[in-house]
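Student: Protein sequences, first through last, are from chains A, B, C and D.
Just so you know, full-length UniProt numbering puts 241 at position 241 of the first sequence, and the rest follows in order with no gaps.
Just so you know, full-length UniProt numbering puts 266 at position 266 of the second sequence, and the rest follows in order with no gaps.
Just so you know, full-length UniProt numbering puts 173 at position 173 of the third sequence, and the rest follows in order with no gaps.
Just so you know, full-length UniProt numbering puts 279 at position 279 of the fourth sequence, and the rest follows in order with no gaps.
These are calculated hints, taken from the structure and not from any lab test.
Treat the hints with care, as some may be off.
Unchecked claim - Here are the computed lysine to aspartate or glutamate pairs in the DMTMM-like style, where the Cα-Cα straight-line distance is at most 25 Å:
1. C:Lys107 to C:Glu123
2. D:Lys107 to B:Asp101
3. C:Lys107 to A:Glu97
4. D:Lys219 to D:Glu182
5. B:Lys107 to D:Asp101
6. B:Lys107 to D:Glu97
7. B:Lys219 to B:Asp28
8. C:Lys107 to D:Asp256
9. C:Lys107 to A:Asp28
10. B:Lys219 to B:Asp256
11. A:Lys107 to C:Asp72
12. A:Lys107 to B:Asp256
The chain contents come next:
Protein chains: 4
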Amino acid sequence: MSQHNFVATQWHSVLAALPPALRIADGDTVVTRTLDAAGVDHEGVARAYGGNPMNGPIHVAGAMPGDSLAVDILRMTPIRTHGWTRGALAAHVVEPERARDLPPRNKTDWIIDREAHTVRLAEAVRGLEHLTLPFEPMIGCFGVAPAGGQAISTATSAQNGGNMDYRGCQPGARVLFPVAVEGALFFLGDCHAIQGDGEIVGTGVETAMEVEVRLSVIKDQRQTWPRGEDASGIFTMGNARPLDQALQHATTEMLDWLTTGYGLSAIAAGHLLGQVVRYEIGNVFDPAYTVVCRLENRWLPPRL
Amino acid sequence: MSQHNFVATQWHSVLAALPPALRIADGDTVVTRTLDAAGVDHEGVARAYGGNPMNGPIHVAGAMPGDSLAVDILRMTPIRTHGWTRGALAAHVVEPERARDLPPRNKTDWIIDREAHTVRLAEAVRGLEHLTLPFEPMIGCFGVAPAGGQAISTATSAQNGGNMDYRGCQPGARVLFPVAVEGALFFLGDCHAIQGDGEIVGTGVETAMEVEVRLSVIKDQRQTWPRGEDASGIFTMGNARPLDQALQHATTEMLDWLTTGYGLSAIAAGHLLGQVVRYEIGNVFDPAYTVVCRLENRWLPPRL
Amino acid sequence: MSQHNFVATQWHSVLAALPPALRIADGDTVVTRTLDAAGVDHEGVARAYGGNPMNGPIHVAGAMPGDSLAVDILRMTPIRTHGWTRGALAAHVVEPERARDLPPRNKTDWIIDREAHTVRLAEAVRGLEHLTLPFEPMIGCFGVAPAGGQAISTATSAQNGGNMDYRGCQPGARVLFPVAVEGALFFLGDCHAIQGDGEIVGTGVETAMEVEVRLSVIKDQRQTWPRGEDASGIFTMGNARPLDQALQHATTEMLDWLTTGYGLSAIAAGHLLGQVVRYEIGNVFDPAYTVVCRLENRWLPPRL
Amino acid sequence: MSQHNFVATQWHSVLAALPPALRIADGDTVVTRTLDAAGVDHEGVARAYGGNPMNGPIHVAGAMPGDSLAVDILRMTPIRTHGWTRGALAAHVVEPERARDLPPRNKTDWIIDREAHTVRLAEAVRGLEHLTLPFEPMIGCFGVAPAGGQAISTATSAQNGGNMDYRGCQPGARVLFPVAVEGALFFLGDCHAIQGDGEIVGTGVETAMEVEVRLSVIKDQRQTWPRGEDASGIFTMGNARPLDQALQHATTEMLDWLTTGYGLSAIAAGHLLGQVVRYEIGNVFDPAYTVVCRLENRWLPPRL
């Protein structure tokens, strides 16, 4: 397994079957530096148009349609001392008639302290003078080329991943995407220093990062939606509007995983999920929302 | 403060301004035994028609419209050695075309071990032979009489609480309801030995319990939706369909709490929630779904 | 069949099993004068608190749970020369971020010309100087007492009818409600001089009217949601949020009507609805939205 | 203005900035023969993979981003004597628990009588023996290349049009799309001999047709979503899930049209739409649903 240092020189605002910027072997690791969501690099230079410009695509040898691409998030290192948010709540996360009273969604700067591993507002805001948040990095947008010749905007997400904005996509997690084209064609960008559930101000603390991932091909996983594993358990991700449909996708994918991957019957899976399932909300901001369905390792039967 | 042992002799399938079954003082505690969701008591006797029959209402002296009723859940003790579920996934939590393949939602028995504090299937299910769940009791349905002469079915929930089926309504939690009628008129029932997020099989492990609560009147809370506090933080609860609207209610209520209760501006509340808010899903089964908006204590400014 | 002149002296803001204000025989007609949605009568006197105060309930002899109550809307006569609206679009019918720019929803007066059968703005609005609308009366809120001891606010609607705000509930239409209590207990109010689809400003032209209806008991209709018939065809009404669920209710009710009332198989009903069904939107303003599913008479097989 | 006879030799399952198959001048007409939704031509030969294969793209000289492309549907002639549907109701248009009982969605053949202008089932279905439907042709999927390098599947729709499945897209209608790339790049296919609202069996009567359209560039229309005009009035189209959001898009677009195109203030537009707007449902089957917002010509002030 080799490690590649991938220096992006162009960026993409769609996930699609574009010409590979890098070709690697199954199981190789890649280190790469991402732009922030507005296309600004670690030196403050605007390198690409905004809207989550992606590094990639990376072609992984041996990945074929029907396989899964496993992305192990090994490391996320901040390469800039500041990030930014769009301060105020999005209009659609409050009661509609209250949207009239919301403050404007101005750009707000945050300090990323790389020694202390903290994040704080650059300018004091009354009542939050002492707010110091942990640096809890996550990848906002990543995934593989979709099926059928589609080119899907990095503003949104679908079965192939994309802009899911889920804080569980953090170092230590393995996220699996269904491969639709030869080589998988992996894209990555839009890293956040921290983000609350739902991305309800429309951003996390957006910044540039150096990210290290391992990309591996998994055969016979038979997945439809993104899946993942981390220290606490397994999870599936549904992307759609409204939240109800995103939840349907995530739950169906978990049902499929439990039956085909763990040998449970549909009724056994129902008994288990019914009493111990956990749901988390990735984003409720993007055109497709993200709901995550989780099951802790302690409840899982042996994998087939 | 006195303690009342409240022995219910009739039960209600609506939350409404019905004649009080018990009158207590502000701050008193009440111990009462609930039926299960099907109206069966701790001895296996059917005492009321199903659909979450409620004990109550309890009139709390001094509670006036505009106040809040604080319900401290002090203790939940199982008074039966078995509970039941409706085994299979509900049709609407999977992708619609997949609903055709779901198993029927038959009644399934579970053993509640009161010594070991565990819950397990009464009959072995293949793949789940060793499944032993913790006893994690919660109140599925509770709340106060609604405004405007409404009588709201215990199948659903609204601003006054009701059938929210949120596992965070457990011993140690304080849940606050907006009072709409003199005396508040508190109702309680539908206890679960354990339940996953979303109540996606339509039930938790339904059983009869002895519950101890303290009921206190809070002035000037100015709340619209149920709120709560527990060891980890504060939370608000929105009840509606779809999940998107339930999330709007919960988020708006949290925004109101942060601004009127903690003195934050709307922009400061946005900064805080945007990066640290957590959402949880109560139920996605009942006519109104429940979304919970949470903020940990460590992020809260001093209360006004 | 007798005709009753029913002079209401109290009004209700819930549909519930309240003491009858009038008792009639099956097939009798009733003439009654309604207040407007704010509780103001034809002389401009505030007689009841707002929020769609209802005349009723009317007890219809012989109506039993499981029956249907047929309401023939025979006549709606304006008894006031003015009505009012809440001018601007509701925040939730435009894109959320655009809600910030909407004008306030102020009360606006309209002139009802009883000779010309027209409706027009009382004060000129630029660009609408020549707008003269037809008087197209409709009942905004009507229905029967719900099941299970519920008392449902006249702000919303459910299986028993209520605040559906559908412009098809007009003279010439027969609307059928599922009876849940002995005597049906019929309520009526909230008449509009005209209203667009969706009631997207939150009101029609709200006014007081004299309404004449015939109330008849239908046996063995086996309906769950409101149904109707008019000169053009048959229709079913689903009430819920979001619109998607209201559409599910209305479509399921139509499927049931075609199979049990017209003897079609599910597959035949699918063929027919798939190519000729029409959907209309009652309201997208109230807590429950209303979707209407329609089938023209020319496509219907003979009734069983 | 010239007329082009465009014989497609390849077809596309995405709307994207693909190499033009035909270049025409502003205002030219095009006659072209489409495949059916499964990729079968008028002679019964499978020419392309299914999923609404499109003829195109057609490059219209002078069309620039920010312009609108007006598509006048001049003629739709059936070129085959049969069509097909997927008989049964889709699972998600009925109540979820009822989906278990729906018949399978088998392919069903229909006869298109080109002399009589009628459509009927090829094999008798009990209860529908005498069902003869009018030939009411419509374009299910058409639109222009989207912005930002996206390639959007012909299974769905967006701001650029696509698979809206609205029966109002019929001969006599003019539909306007917002141009995002130089030349507009127009696509066309998926014609139906008839279709009910909502496309609730997942298809209309799918067939091959010869279609004649005129394509014209309109400057300064400033539209975001598809718009249209026909003999009865003007309309706007919103594409999204759930229906609520599609309705928000369509209503916002109509508000914009009334203010920028007809000089109404937001409050005047609210008065007008509130009392006379009509909503229609295009599809509730595709990944994005379609809601149409309509205003009759008789209510419109003079165009600016």
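Student: Next, verify each hint and record whether it holds.
Tutor: Hint check:
no., hint, in the structure
1, C:Lys107 to C:Glu123, "12 Å, holds"
2, D:Lys107 to B:Asp101, "20 Å, holds"
3, C:Lys107 to A:Glu97, "16 Å, holds"
4, D:Lys219 to D:Glu182, "13 Å, holds"
5, B:Lys107 to D:Asp101, "20 Å, holds"
6, B:Lys107 to D:Glu97, "16 Å, holds"
7, B:Lys219 to B:Asp28, "17 Å, holds"
8, C:Lys107 to D:Asp256, "23 Å, holds"
9, C:Lys107 to A:Asp28, "67 Å, violated"
10, B:Lys219 to B:Asp256, "16 Å, holds"
11, A:Lys107 to C:Asp72, "59 Å, violated"
12, A:Lys107 to B:Asp256, "23 Å, holds"
The earlier numbered hints that this structure contradicts are 9 and 11.
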